[in-house]
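**Student:** Residue numbers (the working numbering), protein chains in the order written: chain A, 402 to 607; chain B, 318 to 609; chain C, 11 to 225.
It should be emphasised that the hints constitute simulated quantities derived from the structure, not laboratory data.
Ideal placement from N, C-alpha and C gives every residue a C-beta, glycine not left out.
Don't take each hint at face value.
Unchecked claim - Dumping the calculated DSSO-like pairs for lysine-lysine here, alpha-carbon to alpha-carbon at most 30 Å:
1. 533(A) to 369(B)
2. 369(B) to 482(B)
3. 35(C) to 464(A)
What the hints assert, rightly or not - Going by beta-carbon spacing under 8 Å, a handful of chain A positions derived as facing chain B:
4. 402
5. 565
6. 577
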Amino acid sequence: MFLKRTLPLLIVFLLGLAMIIQFYIPHPVSQNFYDSMAEWVRISGAFALILGLSSFFYVHTRKLARKNKDSFYSGVAILCLIGMAGIGIFGRGGINGWLFSNLYRSIIVPLDATMFSLLSFYIASAAFKAFKARNAMAFALLVTAIIVMLGRVSFGSFLDGIVEWILVYPNTAAQRGIILGIGLGMIATSLKIILGIERSYLGGGD
Amino acid sequence: MKFWLFMDKLDRRWLFLAIGLSVIIPSITNMRFPVTTTPPTLNLWNFVDSLKYTKKPLIIICDYSPSTSPELQPMAHALFRHALEADIPVFLYGGLYTEGFGLARIAEETVLEEIDYQKANGDSVIYGEDYVFLPFVPGGLAVIAGMGEDFIGTFRVDARGDSLKNLPMMDNVRRLEDIGLIVDIAGSAVSRTWMVYAGTRYGTPVGVGTTAVSAAEYYTFLQTRQFVGMMGGMKGAAEYEELNASNLNIEVRKQAGIAMASQNFVHLLIIFMVILGNISFFVLKRNKERRL
Amino acid sequence: MQLSTSIWVWIAAFLTLTIYSFLYKDNPLYRFAEHVFVGASVGWSIAIVWHMTAIPYIGIPLRDAFVQRNWPGLIYVAIPTLLGCLYFFRFFPKQSWLARWPIALMMGYYCGISISPSIETNIFTQVQGTILTGFNPTSLSSWWALLLLIGVVSTLFYFFFSLKHEGIVGKTSRLGIWFVMIAFGASFGYTVMARVSLLIGRIQFLLHDWLGILK
């Protein structure tokens, strides 16, 4: 029980407290502790990345084993992963190598960018089909959006002043209200974790 | 009435086609429109430019993935170009996530090829003296904290694998407080992490280049000067390119500036669609009420 | 028009068009490209972590400490490395509790380190930027600063659910919604710009880098 539950809670409590206190102590001992902890987190953090990788293999090997029409695609994903990682690790020049750099530029960059650019088509269709002034407040939202959209391109440069005013005053006011709320929430959550009130990160079980 | 019913049932693929054409046509007809400068970009440009007097280094962080690179990559290029031309020592850094590393490298190669490895004053660009490329180091927040206390110790080597200690640019860089300005270019909230830790904790000025999605939100940090300036989206990048061109006499392809021509037409089209969609909504609603 | 002669540009163009084919309808080519993307980008990250973390932060320090018989140095690197290895126990249901130790290290570190700067950045500085200092009725900027103050307070009221939204609280929170709506409108306008920029970026690639139509 101690090792399973109490020890992790104790680590969080002591380390959390130490990290809060060291912020206010500009002494070499405190800085050294801070540096060491930063390095430890960096090193063990690298393993968390590998953990993500394992779940990738888990999902795709299962799909592959099912042998339906999706299996081919999972095979493609696994092959691409092995190929890319293999070239980067064992290939000539490693990640600075010619092949690895070119694969990044002509496969990953265009695919990632194009996937996200699809959103522009959907936002346009949503503008036509869903962006309706159903009441006064929705009307305010709609008018502001149109002013900002127009004011941020050359055709609407005459609106520059009003767009800047909207952004600096009413927009900043609301954004700040939201940021203050989120800030307070974050501090409260961190404190709850350090004090052991919030324990969901431990997962289920004993 | 028939028209509105037709519009209401219109296959959205026609809208997709209209969007596509309004991007392609202004591009191939080579349309150009003037770009006006907004205060956040001007403040950032001026702050970067002021570093040429103090010679404190600038860190350009490409904290984004390829998905947002059309908006953000021109920012990295414009900033890197500005620093080289104004003789400001500069660090190129791929940021806290792995994706940025490759994009920082693209910025390095593109800009150096564009200026043919030569600064405006005729001097050659020398690696290690004019700029240094930092490697990816995992650990997120811990990396910023490490840079704040021991810059060289955190990275140890540069992106080429050579020891940082031996590079002349590192002579005056021990920790973050020796840095003149950090400009974090990011499509996520990671810029706020830099603001909180590098800005608040270590007192290093932080500027930001962000996707247009976050631009409105960041005005609150501009007002408090927690961000010294900002490039917001493609428009911000185009403004920075324009400021480079007019103040430094740099004649290169204005990546974002060219894109803004299409942006003009797509924005007009979307505004038109919003208005049309609303008229259709009210006409159909009134028609329905009449029938009841 | 000068068509690209680089095979890499052709590959990139082909993949770009493959993704856009989804706009017409879902098809096998799109699904192929989608899976290429998922696999290649994870593979890319592995190589980066290998060269930039595993080797310089774990491999080399462990080897050096061992060769130089620097036992404290060896332990210093071995502890976080072993802690990191404990993550793998997540795959063994009976011993999965061991993975809680490295998670506890992360949680303690990040929660502790985030509190103090967060108070300063998100709370103090933001409040400071809102407080009115020396209100001058003849100056327009004083009135705008007052508007900012009213906006922040009313937005906070809107998101404050511990009090029932009626009477003066209700009126203030309703004013807050107007500010929130204007802010969301501004964000939406900017979001449109962001999404369109991505599309322009891809079209520029096709027209400039691939087809050579654009200068």
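**Student:** So, for every hint listed, does it hold in this structure?
**Tutor:** Status of the hints after comparison with the structure:
no.: 1; hint: 533(A) to 369(B); result: violated, 51 Å
no.: 2; hint: 369(B) to 482(B); result: holds, 23 Å
no.: 3; hint: 35(C) to 464(A); result: holds, 24 Å
no.: 4; hint: 402; result: violated, 31 Å
no.: 5; hint: 565; result: holds, 6 Å
no.: 6; hint: 577; result: holds, 5 Å
Hints 1 and 4 from the earlier list are contradicted by this structure; the remaining hints agree with it.
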